[in-house]
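Chemist: Here is what each chain is made of, one letter per residue.
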Amino acid sequence: MKAKEFFEGIKGTLPIMVGVFPFGLAYGIVAQSIGLTPGETLLMSLLVFAGAAQFISLPMFSEGAGMAMIAITALLINLRHLLMGISLAPYMKGLSLPHKALLSFGMADETYAVTISRAQAIGYSAAFQLGSNVAGYVTWAVSTTGGILLGSRISDPLSWGLDFAMPATFLALLIPRLTDKCSLLVCLVAAGVSVLAAVTIPGKWYIIIACLTAAVAGGILEGAENDEN
Amino acid sequence: MMRTEIVITIIAMAVATFFTRFTSFAILGSAGISPRFKRFLKHVPTAILTALIAPTLFAPHGYIEISTGNSYLIAGTVATLLAYFRQPPLVTMGGGMAAMLAIRGFGINLF
Numbered sequence: 185m186k187a188k189e190f191f192e193g194i195k196g197t198l199p200i201m202v203g204v205f206p207f208g209l210a211y212g213i214v215a216q217s218i219g220l221t222p223g224e225t226l227l228m229s230l231l232v233f234a235g236a237a238q239f240i241s242l243p244m245f246s247e248g249a250g251m252a253m254i255a256i257t258a259l260l261i262n263l264r265h266l267l268m269g270i271s272l273a274p275y276m277k278g279l280s281l282p283h284k285a286l287l288s289f290g291m292a293d294e295t296y297a298v299t300i301s302r303a304q305a306i307g308y309s310a311a312f313q314l315g316s317n318v319a320g321y322v323t324w325a326v327s328t329t330g331g332i333l334l335g336s337r338i339s340d341p342l343s344w345g346l347d348f349a350m351p352a353t354f355l356a357l358l359i360p361r362l363t364d365k366c367s368l369l370v371c372l373v374a375a376g377v378s379v380l381a382a383v384t385i386p387g388k389w390y391i392i393i394a395c396l397t398a399a400v401a402g403g404i405l406e407g408a409e410n411d412e413n
Numbered sequence: 169m170m171r172t173e174i175v176i177t178i179i180a181m182a183v184a185t186f187f188t189r190f191t192s193f194a195i196l197g198s199a200g201i202s203p204r205f206k207r208f209l210k211h212v213p214t215a216i217l218t219a220l221i222a223p224t225l226f227a228p229h230g231y232i233e234i235s236t237g238n239s240y241l242i243a244g245t246v247a248t249l250l251a252y253f254r255q256p257p258l259v260t261m262g263g264g265m266a267a268m269l270a271i272r273g274f275g276i277n278l279f
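Residue numbers (the numbering used here), protein chains in the order written: chain P, 185 to 413; chain Z, 169 to 279.
The following block holds chain P by itself, in its conformation from the complex:
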């Protein structure tokens, strides 16, 4: 265990957590308002640790949706983790299965983006990934607790404009990656396809559809460029 890389992982992730905090607060507040108890609200953040799936489960709980329905919805919303996992797996092939299990539990959008950007830039480090995951997990638990404590005392912070925290966070992670023609093309294709798919196809399928299309387009362009050289 390399302590230095572990702390680098924490340090590299903390700035991004400023954008996650309002979502944890909002989740805690909204979960109280639909009637989940503080214990249930926190338990979900500790066990599921997936913002989008947790948010979408709340109206389903309040409408009395069945357990299978709620779990299947969580599965569908989180299918993007499969793609993240596929792209991260080659870096982790030297690790034991229990280590992979531990590290994959903490793989959220933000910790994945920080971890793989570092892996692609200067090399993969399991200690760095663990640090990033710990920063993400603790932030999510603390902000959920904050939301529970605030309860109905304040209005949903997302309604003040803090819902923009998520897009702003992802832009901070995305833009520095656009350093060559291929990446730019991937971004443009993903943007075009995701917007068109989001307005025409119900549900969250647009994430998977756009990601596959754009990554394939990037792979083909890069392959063609390599042939020329």
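No wet-lab data here; the hints were simulated from the structure. Check the hints yourself; a few may be wrong.
Dumping the calculated DSS-like pairs for lysine-lysine here, alpha-carbon to alpha-carbon at most 30 Å [to be verified]:
{"no.": "1", "chain 1": "Z", "residue 1": "Lys-206", "chain 2": "P", "residue 2": "Lys-186"}
{"no.": "2", "chain 1": "Z", "residue 1": "Lys-206", "chain 2": "P", "residue 2": "Lys-277"}
{"no.": "3", "chain 1": "Z", "residue 1": "Lys-210", "chain 2": "P", "residue 2": "Lys-186"}
{"no.": "4", "chain 1": "P", "residue 1": "Lys-277", "chain 2": "P", "residue 2": "Lys-188"}
{"no.": "5", "chain 1": "Z", "residue 1": "Lys-210", "chain 2": "P", "residue 2": "Lys-277"}
{"no.": "6", "chain 1": "P", "residue 1": "Lys-188", "chain 2": "Z", "residue 2": "Lys-210"}
{"no.": "7", "chain 1": "P", "residue 1": "Lys-277", "chain 2": "P", "residue 2": "Lys-186"}
{"no.": "8", "chain 1": "P", "residue 1": "Lys-277", "chain 2": "P", "residue 2": "Lys-195"}
{"no.": "9", "chain 1": "Z", "residue 1": "Lys-210", "chain 2": "P", "residue 2": "Lys-195"}
{"no.": "10", "chain 1": "Z", "residue 1": "Lys-206", "chain 2": "P", "residue 2": "Lys-365"}
{"no.": "11", "chain 1": "P", "residue 1": "Lys-365", "chain 2": "Z", "residue 2": "Lys-210"}
{"no.": "12", "chain 1": "P", "residue 1": "Lys-195", "chain 2": "Z", "residue 2": "Lys-206"}
Since the structure is predicted, the reported quantities are computational estimates derived from the model, not experimental observations.
Starting from the known structure of chain P, arrange chain Z on it as the hints suggest.
Modeler: What follows is chain Z alone, placed relative to chain P:
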């Protein structure tokens, strides 16, 4: 206080979510990857990050809005410019959120 049925549902969500996180690592193991597949994988992070936010910026209400009246697009442009000029993540995020608050909270029109 926790209700058994809710706790079981939360555990079912946790199992479903962990399945999506762990499956790729469990299956892919140490199998070799072709160069073509590697080129595809390299672009997955950029593709996912874009797909997660583009609809929020360009179609925040479920239909495409490319106009100065779309506060998400304006604030997104501010954040993009800050990131493009190599500002640290906190400045990018803070600038984007400040732009959003200015537009929504105080009715300031930037254009």
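Chemist: Which numbered hints are broken by the structure, listed smallest first?
Modeler: none
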